[in-house]
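Residues per chain are reported as follows:
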Amino acid sequence: MISFFKVLRRDCAALIERGQPIVLSCGFLVLASTLYPFAIGPDQVKLAQLAPGIVWVLALFLGLLHLEKLYGEDAASGALEQLAAAGVPAWWFGFTRSAAHWLMAFMPLIILSPALLIILGVKEDAVLLPVLSLLVGTPALSFIGSWGAALTLGARQSVLVVTLVVFPLMIPTLIFGVSAAAPQFGSDGAMSLCLAVTLLSAVICPIATHLSLRASLE
Amino acid sequence: MSAFMHWFANPARFVRIADAVTPWLWLTLAISLCAGLYLAFFGSPPDYQQGDSVRIMYIHVPSAILTTGIYGFMAAASAASLVWRYPLGSVAAKSAAPVGAAFCFITLATGALWGRPMWGTWWEWDGRMTSVLVQFFLYLGYLAIWQAFSDQRRAANAAGILALVGVINLVIIRFSVEWWNTLHQPASLLRRGGPSIDVSMQWPLATMFIAASAYAGAIILTNMKSELRMRRAQAQLQSMTQNAGGYRLETG
Chain A
11 MISFFKVLRR DCAALIERGQ PIVLSCGFLV LASTLYPFAI GPDQVKLAQL APGIVWVLAL
71 FLGLLHLEKL YGEDAASGAL EQLAAAGVPA WWFGFTRSAA HWLMAFMPLI ILSPALLIIL
131 GVKEDAVLLP VLSLLVGTPA LSFIGSWGAA LTLGARQSVL VVTLVVFPLM IPTLIFGVSA
191 AAPQFGSDGA MSLCLAVTLL SAVICPIATH LSLRASLE
Chain B
5 MSAFMHWFAN PARFVRIADA VTPWLWLTLA ISLCAGLYLA FFGSPPDYQQ GDSVRIMYIH
65 VPSAILTTGI YGFMAAASAA SLVWRYPLGS VAAKSAAPVG AAFCFITLAT GALWGRPMWG
125 TWWEWDGRMT SVLVQFFLYL GYLAIWQAFS DQRRAANAAG ILALVGVINL VIIRFSVEWW
185 NTLHQPASLL RRGGPSIDVS MQWPLATMFI AASAYAGAII LTNMKSELRM RRAQAQLQSM
245 TQNAGGYRLE TG
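Respectively, the protein sequence lines represent chains A and B.
For the record, in the first sequence the residue sitting at position 151 is 161 according to the working numbering, with numbers rising by one throughout.
For the record, in the second sequence the residue sitting at position 236 is 240 according to the working numbering, with numbers rising by one throughout.
Treat each hint with caution, since some may be false.
For each label pair, taking beta carbons as the anchor points, the in silico distance ranges come out as [unchecked claim]:
(1) B:30 <-> A:37: 56 to 62 Å
(2) A:87 <-> B:34: 46 to 52 Å
(3) B:121 <-> A:42: 35 to 41 Å
(4) A:121 <-> B:132: 36 to 42 Å
(5) A:101 <-> B:234: 46 to 52 Å
(6) A:142 <-> B:230: 37 to 43 Å
(7) B:230 <-> A:86: 31 to 37 Å
(8) A:37 <-> B:116: 48 to 54 Å
Bear in mind the hints are in silico, worked out from the structure with no lab data behind them.
In this text, a Cβ means the ideal position worked out from N, Cα and C, and glycines have one as well.
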């Protein structure tokens with residue numbers, strides 16, 4: 011078990027030391043969300059209505075943005091094979107890489123999201139629910155995304171392929187996430203369904219990652 | 005069951021059976037397509053509400069059934085390939101995918117053509133339509149995976165996993181989209197459990213469904229045969245180049 015957590019710490023520490031992906035996430039979010047008022051118009055009421063959906067769509071794109079970095083370097087340097095030879099089971103990568111991906115992509119999003127929502131015209135007292143929905147739902151995007159990255163490891167044009175593969179799988183998370191974020195739909199079930207998708211992908215995606223990685227490590 | 009599968013796993017035996025079955029499938033297609041088209045155009049009345057547009061249904065409904073049916077077949081074949089290392093599994097799944105994708109596209113296209121005069125819109129974010137659209141993207145992703153790897157065994161493995169995860173996703177999609185749709189616009193345009201279909205329309209529909217299934221079966225079997233030949237040719241090429249010594253040919 012101790013070696014498991016060492017791998018987890020290694021994966022996350024490597025990212026934070028580099029820092030670059032986190033800066034990329036923040037830059038993408040700030041730029042992309044300031045484009046919406048220009049595209050839709052400065053109408054505060056309209057923007058506030060669309061804001062949860064906008065933030066969730068940005069979350070999806072943000073998740074796709076980091077996928078190619080998840081395994082590429084370690085596969086090229088042979089670190090993945092070394093770890094596998096040291097007895098780290100492939101399914102554990104499903105967790106460690108998802109955690110690393112979440113820290114790269116969604117931690118900056120969740121920290122920035124209150125500011126983004128307020129820029130987009132959401133009132134202060136309505137900010138909590140969208141942020142909570144991101145907190146509950148984005149881990150699912152990381153689990154699904156890191157599985158997609160493992161599946162397309164070593165593929166030609168892997169960015170294109172992984173986007174095509176992962177995109178339909180992320181739609182349920184988007185649906186439940188946005189519904190949980192928008193109180194006007196008035197359904198308490200949305201947040202629990204959002205959590206259910208996260209838990210389900212936490213179970214299925216590491217297994218699928220295990221199968222996918224085992225084929226590429228053979 | 006497993007004895008049956010092992011018996012079928014011999015590629016040479018499979019090719020023999022497929023060779024015997026395929027002409028009958030083409031014959032079935034020819035007869036049922038002629039009969040079905042005649043019944044659809046001349047042998048059935050226009051709908052009292054929809055007029056002649058109802059005839060689009062005779063292509064739309066068989067395609068929609070086959071879209072799902074072929075995905076199920078692909079998933080079963082992928083499971084057989086991944087779990088029991090059934091050698092024909094990945095061949096069958098790969099051969100079926102383009103056919104399923106084509107039927108999925110036909111379903112969407114004919115649905116849009118029917119929707120324009122009937123609902124006054126090409127596209128409606130209706131629950132069923134949206135899940136068919138997502139299924140189309142799944143098919144595209146599956147096809148892309150096969151193209152993305154030069155190592156065909158690796159591609160077979162990745163595609164198989166994707167097909168199985170896709171089944172889980174399709175179930176969730178169907179549920180979530182229904183839920184999302186009823187949340188946004190309760191008044192759906194599709195009548196659920198509407199008036200059952202008249203006998204005069206059941207016949208052309210059934211005949212066209214037989215035609216579409218025979219077509220799918222014939223194409224999938226032919227695809228499988230050519231895929232098997234391709235693999236054998238590649239294996240032979242590889243052994244030849246290895247015997248020639250050091251000289252390697254780019255395959256895939």
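Results for each hint:
1. B:30 <-> A:37: 56 to 62 Å: With Cβ atoms ~59 Å apart, the hint holds.
2. A:87 <-> B:34: 46 to 52 Å: violated (59 Å)
3. B:121 <-> A:42: 35 to 41 Å: holds (39 Å)
4. A:121 <-> B:132: 36 to 42 Å: About 39 Å separates the Cβ atoms of residue 121 of chain A and residue 132 of chain B, which means 36 to 42 Å holds.
5. A:101 <-> B:234: 46 to 52 Å: At roughly 34 Å between Cβ atoms, residue 234 of chain B and residue 101 of chain A fall outside 46 to 52 Å, so the hint is violated.
6. A:142 <-> B:230: 37 to 43 Å: violated (54 Å)
7. B:230 <-> A:86: 31 to 37 Å: 35 Å Cβ-Cβ, so the 31 to 37 Å window holds.
8. A:37 <-> B:116: 48 to 54 Å: violated (39 Å)
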